[in-house]
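K.L.:
Note that the protein sequences, when read in sequence, are chains A and B.
Under our numbering, residues 1 to 136 are what the first sequence spells out, in order.
Under our numbering, residues 137 to 247 are what the second sequence spells out, in order.
For the record, the hints were derived by calculation from the structure and aren't laboratory data.
Among the hints, a few may not be true.
[Said to hold, decoys possible] Heads up, simulated PhoX-like pairs for lysine-lysine below, C-alpha to C-alpha not over 20 Å straight-line:
id : chain 1 : residue 1 : chain 2 : residue 2
1  : B       : 176       : A       : 35
2  : A       : 110       : A       : 35
3  : A       : 110       : B       : 176
4  : A       : 22        : A       : 35
[To be verified] A few chain B residues facing chain A, derived, Cβ under 8 Å:
id : residue
5  : 168
6  : 169
7  : 170
8  : 171
9  : 172
10 : 188
11 : 189
12 : 190
13 : 191
14 : 194
15 : 197
16 : 199
17 : 200
18 : 244
Positions of the beta carbon are idealized from the N, C-alpha and C atoms, including for glycine.
Here are the chains, one letter per residue:
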Amino acid sequence: MNYVLPVGDFLMAGEASSNVKKILNQLGIPPRIVKRTAVAMYEAELNAVIHAYGGRAEVEITKDFIVVEVIDDGPGIPDIELAMTEGYSTAPDEIREMGFGAGMGLPNIKRNADEFSIESEVGKGTRVRIVVYFNR
Amino acid sequence: MKVSDFAAALGLRILTGDAGLDREVGGVYASDLLSRVMAKSSRGDAWITVHTHINTVAVAVLSDLSCIIVPEDIPVEETTLNRARLEGIPILSGSMSTYEICWRAHEILTD
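Looking at chain A on its own, in the form it has when it is part of the complex (with noise of 0.2 Å):
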C-alpha cells in the first residue's frame, strides 16, 4: 500500500497511519503491537510533515511482520546520532506550540519497532524503515 503524505497538511498528518491501524485491527493482531506500530509510523509520518516537504509512506504487511517506509525529498539530518537523541528537537515555535517538537519522534519510533533504520542524505531526503512483528 502506498500513502501521500502532502506538505505542511497538519489535518492530513495520522490519516495514513489510522488507515493502517484499522487494517490491522480488522486482520485481528494484538491490540499491544497494533498500537506500537499506529505510533511508530505516525511519529515518522509527522517529520515527514514537519521536517520535509511531505513524503511517501510504503506498507508491507505479511502473515507475520508489518514493513512501513517513510520517505520524504527533504533537507535531510546532518547528525543522525544527534537526531535521535531524545529532547533533541529542530522542530520551528509554531510547531512547538501545537504539543509536538519535544525531541521524542525518532526515540519513540525505535522504542516501538521491532526493527528501525534511518538513512538521510542533506538536501536529497529521509528514509526511515520500521518493522513490527505480529508474534513476539
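Chain A is already provided as a structure; the job is to place chain B on it using the hints.
P.N.:
What follows is chain B alone, placed relative to chain A:
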C-alpha cells in the same frame, strides 16, 4: 467505567454527541507534549490536554485512548469535534483545571 458514566461523575460536558461513549476508561494521563502522550499513556486512558487542534484526535486514536478531556472551558475547534465524532473519540469539557480533574478522577476511578 464507561466514558458516559465517567463524564457524568465528573460533571463534564460531552461535546461529541454519542460517539464512543461506551469506551472504557482505564485511567488518566495528563500531558500537552504529544509524543510523550504516545510514549507513556496506557490504552484506555482518559487524556487531559489544553490542545484543541485536530491532531489530538489522531493521537487519541493511535494510542487507544478512551477520551480527550479539555480543562478550563477552553473552546474546541469544530473541525476537531467533527473528526472526533467520525473516529468515535469523545471530547469532554469542563471548567475544572487539569489538577482538579486528576484529583476527582482518581477518587472516582478508585472508588
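K.L.:
Next, verify each hint and record whether it holds.
P.N.:
Taking the hints in turn, this is what the structure says about them:
With a C-alpha separation of about 12 Å, the suggested pairing of residue 176 of chain B with residue 35 of chain A holds against the 20 Å cut-off. Between residue 110 of chain A and residue 35 of chain A, the direct Cα distance comes to roughly 14 Å. Compliance with the 20 Å bound is thereby established for this hinted pair. The hinted pair formed by residue 110 of chain A and residue 176 of chain B meets the criterion: a straight-line CA distance of about 14 Å does not exceed 20 Å. A distance of roughly 11 Å separates the Cα atoms of residue 22 of chain A and residue 35 of chain A; the hinted pair therefore holds under the 20 Å criterion.
Given the 8 Å rule on beta carbons, the hint for residue 168 of chain B holds: about 5 Å separates it from the nearest Cβ of chain A. Below 8 Å, beta-carbon pairs count as interface contacts, and residue 169 of chain B has one with chain A at about 4 Å; its hint therefore holds. Of the supplied interface hints, the one on residue 170 of chain B holds, with its beta-carbon coming within about 4 Å of a beta-carbon of chain A, less than 8 Å. For residue 171 of chain B, the shortest C-beta to C-beta distance to chain A is roughly 4 Å, which falls under 8 Å, so the interface hint holds.
Residue-level restraint check for residue 172 of chain B holds (minimum Cβ-Cβ distance to chain A is 6 Å; threshold 8 Å). A cut of 8 Å between beta carbons decides the hint on residue 188 of chain B: the least distance to chain A is about 10 Å, and the hint is violated. The interface hint given for residue 189 of chain B is met, as the beta carbon of that residue sits about 6 Å from the closest beta carbon of chain A, less than 8 Å. Checking residue 190 of chain B against chain A: minimum C-beta separation of about 6 Å stays under 8 Å; hint holds.
The interface hint given for residue 191 of chain B is met, as the beta carbon of that residue sits about 6 Å from the closest beta carbon of chain A, less than 8 Å. Hint status for residue 194 of chain B relative to chain A: holds, with the closest Cβ pair at about 3 Å, below 8 Å. A cut of 8 Å between beta carbons decides the hint on residue 197 of chain B: the least distance to chain A is about 6 Å, and the hint holds. Hint status for residue 199 of chain B: holds, given a least beta-carbon distance of 6 Å to chain A, under 8 Å.
For residue 200 of chain B, the shortest C-beta to C-beta distance to chain A is roughly 5 Å, which falls under 8 Å, so the interface hint holds. Hint status for residue 244 of chain B: violated, given a least beta-carbon distance of 25 Å to chain A, over 8 Å.
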